[in-house]
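Peer 1: With the hints as extra help, turn the sequences into a complete structure.
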Amino acid sequence: MVIDIAFWALGLVAVLSGAAVFYVDSMARATYALALSFVAVGLQVLFLQQNYVGVVTILMMVMEMAVMAVYMVMFMGMNPALMPMSMVHGNRTAVVVAVTTFLVLAAGILMVDWPARRGSPPADVTMALGESLMGPKMLVMAVVSPVMVATIVAGVVLAARRTRYDRFGDDLSRRPADDPQPGGVGR
Amino acid sequence: MRPALLLPEIVLFLGGLVVLMSGSFLPRTRQWATRVVAATALVTATVLAALALPGPAEMAMEGTFTVDTTTGVARIVVALGTLVVLAMASDEISGTPRESETYALLLFSSTGTLVLAGADDLLVVTVGFLLASIPLYGLIGIARTPLSAEATMKTYLLGALFGILLLAGVTLLYGVSATTSYVELTDRLADAPAAVVGTGVMAVLGGLMFKAGGAPGHFWVPDAAQASGGAVAAFLTTVPKIGAVIAAYRLVSMLPDTVAWPLLVALLAVVSMTLGNLAAYWQTDPRRLLGWSTVSQVGYLLVPVAVAGQSDLALPSLLVYLAGYTVTNLAAFAVTTAFPDRRDLHSYRGMGRAHPWLGAALVVALLGLVGTPPTVVFVGKLTTTAAAWDAGYVWLAVLVLVNTVASLFYYLRWIAPVYAGGEPPGVLTTPRAVTPAAWSASTAVVTAALSVVLGVGAGVLWSLVSV
Amino acid sequence: MLSLIVFLPLAAALALVAVPRLGDAVSRWVWVVVAAVDLALVAAVWLRYEDPGTGRLAFEERAPWIPGVNSSYHIGVDGLSLPLVAMTAVIFLACAVFALRETDRPRPQAALFLFLQSVSLGLFVAADLILFFLFFDLSIVGMYFVIAGWGHNDAGRSAMKFFLYTFLGSLALLAGFIGLYIAAEPHTFDMVELAEQTPLAGSSLGGGLVLAAILVGLAVKTPTVPFHTWLPPAHTDAPAIGSAVLAGVLLKMGTYGLVRIAMPMLPEAWRAWAWVIVVVGIVSVVYGALVALAQTDLKRMVAYTSVNHMGYVVLAVGAAGMVADDTAQARAIAVTGAVTQMVSHGLVTGALFLLAGVLWERAGTYDMGSYGGLAGPAPRLATLFAVGAFASLGLPGLSGFIAEFQIFTGSIAAAPVTALALVGILITAALFLRALQRIFTGPTRGASVGFADLRPAELWSVGTLLVLSLLIGVLPRPLLDVIEPAAEVVVELVGR
Amino acid sequence: MTLEATLLIAAAIFSVGLYGAISQQVVVMVMMGLELMINAVILAAAGFWWFLAPDPSGQVLLMVVIAAMTLEMAMGFAVATLLHRERETDMTDSAADLAG
Amino acid sequence: MTVMAQTALWLLVLLPAVVGGALALSRSDRAAAAVSLATAALTAALAVVVALARPQVAMPFMAGSDLALGVDALSALVVPTVAFVTLLALVFSTGEIGESQARFHGLMLLFASGALMTATAQTLPPLLFAWEVMGATSFALVGFWWREEHRVSAGVTAFVTTRAADVGIYLAAGAALAGGAGLALADLPDGSEGWRHVAAAGVLVAALGKAAQLPFSFWLSRAMEGPSSVSALLHSAAMVAMGGYLLLRAEPLLASTGWAAPATAWVGALTALLLGAVALAQRDLKQLLAASTSAQLGFVVMGAGLASVSGGAAHLVAHASTKALLFLAAGAWLTALGTRRLTGLLGVARRWPLVGWTSTLGLLSLAGVAPLALWATKDAVLAAALETSPWLYAVGVAAAALAAAYAGKVLVLLWRRAPEPERAVAEGHHDEEEQGTRRVGLPEQAPLVVLAFGAALLGLLALPPVGDTVARALGEEPVHPAPLEMALSAVVALVVLALVWWRPAPEPAWLRGWLGLEVAAHTLVVRPTVALAESLARFDDRVLDRVVTGSAEAVLGMARRAATFDDRVLDGVVETTAGMSVRAAERAGRVDGRWLDGAVEGVATATRRLGRLARRPQTGQLHQYYVQAIAVLAVGVLLLVMVR
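Chains as they are written, first to last, in our numbering: chain F, 1 to 187; chain H, 1 to 467; chain X, 1 to 496; chain E, 1 to 100; chain W, 1 to 644.
It is worth saying that the hints were derived from the structure and are not from the lab. Any given hint could turn out to be false.
[Stated by the list, open to error] Quick list of the computed label-pair ranges, beta carbon to beta carbon:
(1) X/ARG496 <-> H/SER463: 27 to 37 Å
(2) W/PRO528 <-> X/ARG62: 48 to 58 Å
(3) X/LEU420 <-> H/SER463: 27 to 37 Å
(4) H/VAL434 <-> X/ASP104: 23 to 33 Å
Don't be surprised by glycine CBs; every beta carbon is placed ideally from N, CA and C.
Peer 2: Next comes the structure, spelled out in structure tokens:
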């Protein structure tokens with residue numbers, strides 16, 4: 001019973017903080033709200049006996065939100081935390097679509113005759129995950145690493161205006177590198 | 001486990017890594033070496049795939065990946081298609097600061113496409129989707145122009161949405177079946193609630209449609225085709241489709257009869273082809289026109305998917321169409337990369353007389369896209385239409401033909417100025433608009449010729465794809 | 001042998017394209033020589049031809065093409081196709097000779113026409129639906145470039161209209177072909193097998209729909225009313241030799257398809273819908289003739305008479321589907337007449353379009369009112385045109401009569417309503433005589449003044465076509481001996 | 001704590017995310033909407049795993065979802081940066097030259 | 001012997017055809033006349049040979065029927081007639097035709113070949129073949145002087161009118177084939193009941209057209225624009241006569257139907273009567289002769305309808321000789337004086353006595369004065385008429401009286417010594433047609449003499465004993481007109497001649513205008529046809545074509561407009577659809593008034609909407625893409641959930 005209440009409460013927190021993302025009037029607050037939503041869901045996942053994944057979710061999201069906050073300060077060229085904003089378009093359409101989606105999904109969830117549980121959870125959930133990753137689903141994880149490489153490459157390509165040839169010259173022989181801030185930022 | 005069966009994919013990815021690494025140490029003007037490396041990787045992958053092609057169908061990686069004729073054909077087509085893109089890139093990208101990165105991303109995306117093509121597990125589909133998509137964002141944005149930035153943003157945001165939907169779909173399917181492997185899904189989905197299965201399938205298909213560039217995930221295609229570089233545009237309108245359509249084929253093939261997926265896919269096909277054709281009508285930018293044209297081509301490609309399992313012709317016709325489409329579409333793009341500064345249909349006025357071979361290549365490519373014999377797309381279109389008819393979808397076959405007529409008009413809008421007399425309206429001021437780029441020009445001619453040769457030798461092609 | 005005939009021009013075309021250093025004169029003569037050699041080869045085939053009998057082809061060649069869908073490179077000739085093959089070779093040679101003085105890009109022109117020749121010959125020898133369709137479509141493509149590249153006035157627009165319209169038809173045709181393929185058991189695109197199988201027999205709806213698709217496709221190409229509107233602009237704006245090939249050869253592809261594909265493969269549906277075809281034929285005949293009568297533009301007039309003439313063919317093959325007792329002979333005569341008409345129309349209309357081209361080249365107009373008394377300065381032109389006109393209106397002694405007499409006797413016997421179309425021969429007579437009168441008689445005036453008479457190349461090319469028409473008109477037996485057995489086979493097949 | 005409850009919460013989060021993705025003009029805010037949708041998927045996947053299908057592949061699915069989320073977001077930042085540099089904007093509406 | 005005779009028959013047809021064709025195409029005028037005359041002479045000799053030897057030849061032709069030629073009793077009469085008249089007309093023409101002799105002789109020989117082939121054809125294909133060749137060459141010969149438009153028009157009228165009738169033979173051929181009779185002329189009566197009627201009707205119409213019988217007569221009037229030698233051959237002995245010949249040949253077919261024979265007889269009789277009246281009203285010699293030809297052919301047609309083949313054939317031959325003579329004479333005067341107006345020929349017989357006397361002989365024969373040729377032959381036909389119906393006979397006699405009247409009218413003029421003022425008027429008419437030469441040469445006179453013999457003596461063909469032989473050869477019992485009848489007709493002729501001498505005949509305008517037949521044909525057939533043709537052509541250009549281009553353009557035009565069109569998709573759909581409908585309706589209203597009907601516009605509107613919609617979703621606004629994608633996916637889900 002307590003668990004149920006807690007679960008519902010977390011769910012409520014997750015939804016409401018999610019909604020708050022688009023309600024608060026600064027990007028920073030939106031970021032915090034999003035992080036809160038994720039933490040709530042992560043806790044719910046923990047309730048659902050997926051310790052490892054739940055923790056990972058929480059950790060990842062906290063990190064990511066930190067990155068996002070930094071990113072906005074760095075790149076948006078302004079302090080979004082202080083600027084009120086209302087940058088919304090097609091609000092009515094969006095509301096209609098979202099509400100309809102929810103209603104349809106809810107109706108589906110309630111009307112569908114969900115099947116019975118197949119089998120039972122393994123004794124050590126995290127162990128089973130590890131074995132699965134190393135066993136039947138190895139390809140999945142094996143592909144995720146190239147995806148990461150690709151993400152890094154693509155991300156750099158998109159984000160960085162200057163290339164190595166801008167820094168070191170066309171034949172890569174210029175030393176020291178020609179940087180706008182010689183030696184890098186932290187120096 | 002048998003990772004050796006995935007050798008072509010591994011070769012491509014490792015090739016990409018080598019390109020990336022070696023690119024960091026090469027002077028800007030000597031990055032062509034990375035192109036050679038990339039080409040070597042592609043050729044190696046092709047050879048490996050070709051060697052594996054005659055073998056029996058095998059499952060790799062614990063049943064999550066299938067190596068069969070379909071995969072083999074996809075490997076060859078993807079690798080060779082990317083090779084052709086490399087050839088086009090030789091003019092356009094050669095010597096740019098991001099040259100090696102471009103090649104690396106092309107190879108990564110090709111790898112992802114192949115993962116999609118062979119995937120026999122929903123999770124592999126998911127990661128294949130990611131691996132095929134993420135490099136694309138980088139490729140589109142690499143041109144670093146305002147328009148390309150816009151196109152990147154749109155592609156990315158659409159891709160993210162459809163990726164999430166794909167994940168949601170996979171989650172639903174997993175939820176009602178407790179597995180993600182196709183082998184088990186077939187039976188388990190039959191007992192599952194159809195509404196959930198339907199929703200899940202739609203979501204997964206939606207994701208694949210984004211990758212393939214068909215409705216409803218097509219919005220990025222014309223934008224990206226117009227705004228990115230020529231070689232990249234050629235790549236992204238051609239290669240990812242191969243993986244996505246084959247993945248869609250494999251997905252629907254394992255679905256139970258409890259959901260009306262053939263009708264759904266047929267409707268998606270009709271929407272794609274019709275929308276693509278109609279929207280292409282008054283385009284003035286040749287690449288955007290081709291972008292819309294590829295949307296319509298995806299519609300045609302979905303026809304055999306819609307009748308998967310209901311006609312013996314479905315799979316071979318799909319593969320033939322894919323191969324033919326790849327060759328022909330690349331030929332058309334190669335003409336645009338040969339004249340990167342001709343960004344208006346009118347600027348092609350008189351091109352056919354000044355450069356007869358290129359003009360002929362363009363005509364072959366465009367008429368090929370229409371489905372004129374003896375180009376290979378005709379064989380594809382013929383057999384896919386026949387497959388639809390064979391499976392009882394006469395209306396679909398008729399709509400394919402009606403759409404073909406509709407498509408004719410805008411292709412002719414491009415052909416007409418090419419052979420019209422007179423000079424183009426004062427845009428040919430740059431040398432790049434007057435003299436065709438050598439690699440692209442040869443590529444255009446070769447691929448156009450190949451399109452005809454494959455059409456004439458369709459019997460051989462057919463026997464290859466239906467081993 | 002047939003492959004050689006079909007692909008020799010193509011090879012020459014490729015050679016012409018590939019060797020850019022060939023001079024214009026050389027290109028023109030290469031064209032003439034290749035066309036002549038091809039004609040000689042066709043003549044050799046004709047001499048060695050023996051009727052192959054029901055359901056068979058002579059000079060058959062077969063090689064697998066797309067075995068997965070049972071489509072093969074299968075070619076051969078019989079009494080229906082051989083005359084058309086010969087006619088095609090003749091017309092292309094005549095065009096080659098006619099164009100000997102062409103100055104506008106002769107090399108690509110020669111290549112294009114050689115390509116078209118291959119395509120046309122290929123279509124008539126094709127014994128596989130896909131092969132047929134291949135050539136059918138390529139003929140459209142080739143003609144598009146002929147009109148767009150060498151036409152005049154609003155050539156681009158006319159060419160595009162031609163292309164869009166006929167391509168639409170070709171896709172309807174393709175739909176029909178696929179229907180046949182699916183209905184056949186085992187699935188096949190082979191014409192001979194399909195004719196043997198008669199797929200869709202017993203399915204009146206399916207057979208009707210497939211037949212409708214094929215008919216629409218062929219009707220556009222033929223063209224019959226109401227699918228003919230692409231024809232007048234295409235002809236008006238096409239160059240002379242383009243018009244000659246278009247009218248002489250390409251239009252036949254539609255009617256040839258009727259006797260080669262629709263009738264033998266869908267006999268039941270054909271019989272069921274024969275009355276529609278007859279009606280379309282009658283309407284085309286009368287409508288084409290009447291509209292031609294009202295034209296003031298010579299080329300448009302001849303174009304509309306093509307609608308009229310092809311209407312006779314449609315009428316005859318439709319009547320051949322009106323199966324009843326005791327009319328087998330009459331129906332065979334009608335079909336013989338139809339095939340003869342295809343040959344005759346090719347020769348005669350080809351000649352007339354070439355002559356119209358002379359008018360354009362000299363005076364830049366097709367308007368009949370701009371001329372008058374042209375027989376004075378250009379007696380040779382007048383004579384040839386008069387012969388052509390009389391041939392076209394079906395005067396005995398020329399090929400048109402042989403065709404039309406057989407069409408009418410056969411059709412009236414099989415379907416008396418076709419007698420209505422007799423009006424057509426009357427109106428064509430009137431309109432051709434009016435045209436002759438307007439252009440050639442009376443005092444020499446307008447564009448006729450200072451008009452140069454036919455040059456030898458023009459004379460020879462047009463003259464040859466008309467002499468052949470005369471030969472057929474006087475001594476039809478060599479031609480009819482080839483056609484008649486095949487026509488009987490068709491009638492027998494459609495009667496199944 | 002039932003499957004339906006979990007899924008309803010997930011659906012609610014999903015819808016909120018969808019609303020945000022559609023209604024927001026700033027690219028980063030759109031991304032936040034998308035993140036919320038992923039959030040919902042995570043919850044739903046966990047729910048499915050626990051209530052219906054306690055199979056290891058469900059956990060792998062969750063891992064993939066999380067990985068996808070991070071990677072997509074990383075790309076998102078790169079794209080936003082690119083857009084900002086090339087077009088001096090961070091709004092989707094301001095980048096609407098490609099149309100038709 | 002047979003082989004030689006067969007060769008002769010082939011040569012009879014081929015020789016003039018080949019030589020004629022060569023001459024027509026060549027342009028060497030110098031040798032033309034000589035070659036042509038030699039050919040004609042040879043042909044005439046061949047005609048005699050085949051008339052005596054009666055060969056049959058055949059070669060495979062088409063439509064399951066042979067090209068069979070043969071000479072039987074009837075042909076044996078007609079073939080030499082044609083051949084000799086050809087020769088004589090050609091001789092005459094050397095004086096008449098100055099330029100383009102090669103073309104003229106070539107066409108004449110071609111025509112002769114056609115006529116000879118018609119006369120010998122045994123099956124329908126060669127019959128029609130030759131039949132139409134005659135038509136076409138007649139067009140070319142009537143319009144021989146092509147620089148004068150009215151002559152060409154006359155040729156067109158002649159050809160088109162006769163071809164309209166020729167359609168009958170096509171019909172007859174179809175009917176013969178359908179009726180199972182085959183295409184041999186002799187077998188036509190064996191066809192099945194229904195088809196036999198069609199065949200008979202077809203043959204009848206075709207023959208009436210060629211023979212210039214009612215209602216086709218008017219073309220002959222126009223055909224007088226041609227040279228006189230052409231008229232002499234075509235419009236007396238050959239083409240017109242071939243119409244009559246065909247009916248004689250098809251007499252068994254006509255008889256076998258029950259209705260065709262009487263119809264034929266009555267058409268012939270009425271033509272003889274009415275065209276006789278027309279002839280009487282003419283003021284132009286050639287027009288008079290033309291009308292008289294129609295009228296006289298009426299007797300031949302009557303003979304065919306009355307099963308009096310021998311009488312009809314005899315009349316045909318006798319008339320050929322007579323009328324050729326008169327046409328040549330008219331031609332001689334035309335060349336000499338440049339007029340063919342009767343008043344212009346006042347007293348002309350005295351100026352050139354040979355021409356005058358021969359033509360007088362011809363006119364007397366035409367009038368039916370005993371014992372000249374036409375008196376006897378006409379009475380043979382009239383005797384058959386009396387056996388059938390007194391009414392028919394009465395009409396025939398009246399027609400004969402009219403013949404005497406118009407012949408007399410000419411005679412009077414030719415010989416009259418007119419007072420000075422009238423002579424001046426007459427001379428005023430000289431040279432109004434062409435520049436007269438004021439001389440009649442030897443080549444123009446010689447044929448007249450030969451033909452005059454014919455006009456005088458050919459009556460023997462209808463009189464015993466020769467007449468009986470002829471009748472028996474044609475397979476009939478000889479019928480002898482009662483002496484009273486013959487006397488009566490001779491008396492009638494004389495009385496009428498006397499009357500005409502005494503008082504000029506009336507010349508009512510409606511008769512002078514050939515009963516208004518041409519006007520009627522124009523009003524009833526030609527003008528509606530041309531009007532129909534023009535409206536169809538407009539329809540073709542405006543509607544049919546625009547349906548196609550219009551709908552295509554509509555799609556494209558709207559697609560283009562859509563490029564500048566941008567608004568919210570989902571929000572605006574309702575609004576825009578309404579707006580579009582209104583605009584479409586407005587446009588439809590506007591356009592409909594101009595040229596299109598609602599259906600076409602409906603199609604165009606529908607496609608237009610599609611074209612517009614196609615580019616609208618691509619708004620460039622990402623969030624709209626999101627909405628659309630979600631919407632499509634939702635629809636897909638719905639579909640999958642609903643449809644099983």
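Peer 1: For the range 48 to 58 Å, tell me whether the beta carbons of W/PRO528 and X/ARG62 fit it or not.
Peer 2: holds, 57 Å
Peer 1: Quick one: are X/LEU420 and H/SER463 within 27 to 37 Å, going by C-beta?
Peer 2: Once the Cβ atoms are compared, 54 Å apart, the range 27 to 37 Å for H/SER463 and X/LEU420 is violated.
Peer 1: Take a look at whether the Cβ-Cβ distance between H/VAL434 and X/ASP104 falls inside 23 to 33 Å.
Peer 2: With a Cβ separation near 24 Å, H/VAL434 and X/ASP104 satisfy 23 to 33 Å, so the hint holds.
Peer 1: Determine whether the Cβ-Cβ distance between X/ARG496 and H/SER463 falls within the hinted range of 27 to 37 Å.
Peer 2: holds, 35 Å
Violated hint for the displayed structure: number 3, the only one.
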